[in-house]
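Chain residues, written in single-letter form:
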Amino acid sequence: KAGVTQTPRYLIKTRGQQVTLSCSPISGHRSVSWYQQTPGQGLQFLFEYFSETQRNKGNFPGRFSGRQFSNSRSEMNVSTLELGDSALYLCASSLRAGGDSYEQYFGPGTRLTVT
Amino acid sequence: AQSVSQHNHHVILSEAASLELGCNYSYGGTVNLFWYVQYPGQHLQLLLKYFSGDPLVKGIKGFEAEFIKSKFSFNLRKPSVQWSDTAEYFCAVNARGLTGGGNKLTFGTGTQLKVEL
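Read top to bottom, the protein sequences are chains A and B.
Numbering (this note's numbering) for the first sequence: 14 to 128.
Numbering (this note's numbering) for the second sequence: 44 to 160.
In case anyone wonders, no lab produced these hints; they're calculated from the structure.
All C-beta atoms, glycine included, are put in the ideal place defined by N, C-alpha and C.
Where hints are given, some of them may not hold.
[Unchecked claim] Calculated lysine to aspartate or glutamate pairs in the DMTMM-like style (CA-CA distance at most 20 Å, straight line): (1) Lys101(B) to Glu116(A); (2) Lys26(A) to Glu88(A); (3) Lys92(B) to Glu116(A); (4) Lys112(B) to Asp128(B); (5) Lys104(B) to Glu131(B); (6) Lys114(B) to Glu63(B); (7) Lys104(B) to Glu88(A); (8) Lys157(B) to Glu63(B); (9) Lys157(B) to Glu107(B).
[As the list claims (entries may be wrong)] Some, not all, of what chain A presents toward chain B, calculated at C-beta under 7 Å: (10) Glu61; (11) Gly75; (12) Ser107; (13) Glu116; (14) Arg124.
Excised from the complex, chain A in its bound form (with noise of 0.2 Å):
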């Protein structure tokens, strides 16, 4: 079974550019969790989608967005990009059904450079 994949791997973007980034979860996974990686602040939750829906949302500004479709795919987009945004971004995915929480198992990551 293909594991999550996510587009780009690499990004180079200006300050105050938008970006979107892309997750494609495991077959069959319902839901998708996307998650910021830095050396200063580690592992940070952004936010989660199940069914089309954000059930779960990080402490981080509203310029931090995302989506989910039909499909389970997900984007996340970042608008007006500041430096601190230079980080990896982690798409995980789950099953997840009803109130139940099942193991994430995460993508490679798209590495995001702002200058």
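Mind docking chain B on chain A? Use the hints.
Chain B in isolation, oriented as in the chain A frame:
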């Protein structure tokens, strides 16, 4: 708010030495607990997980972890490490009562393990 502490930031061991990495969390309710590993140049991989039942859980590659509820701990152990275990190890917690059963993981800061030949 939920927090996760990993006390050892860098650990250096010789091959065949025993390993124990500490992990403590702050949430007093029901939790799901995980250890993830990130090998150099690779993505995060699930090492082991605890949802309920036997507090001693076994994972891949000979790793195990023990959930001690009274100590809010989930320490990772391996009796004999190998050079190939060199990686960064992350403890993660899903505080079920705070996430509505969802998938919000709070991660520790990670422990960089180096195993020397």
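Hint check results:
no., hint, result
1, Lys101(B) to Glu116(A), "holds, 15 Å"
2, Lys26(A) to Glu88(A), "holds, 17 Å"
3, Lys92(B) to Glu116(A), "holds, 7 Å"
4, Lys112(B) to Asp128(B), "violated, 27 Å"
5, Lys104(B) to Glu131(B), "holds, 15 Å"
6, Lys114(B) to Glu63(B), "holds, 16 Å"
7, Lys104(B) to Glu88(A), "violated, 33 Å"
8, Lys157(B) to Glu63(B), "holds, 13 Å"
9, Lys157(B) to Glu107(B), "holds, 18 Å"
10, Glu61, "holds, 5 Å"
11, Gly75, "violated, 18 Å"
12, Ser107, "holds, 5 Å"
13, Glu116, "holds, 5 Å"
14, Arg124, "violated, 12 Å"
Taken one by one, the earlier hints fail for this structure at numbers 4, 7, 11, 14, listed in ascending order.
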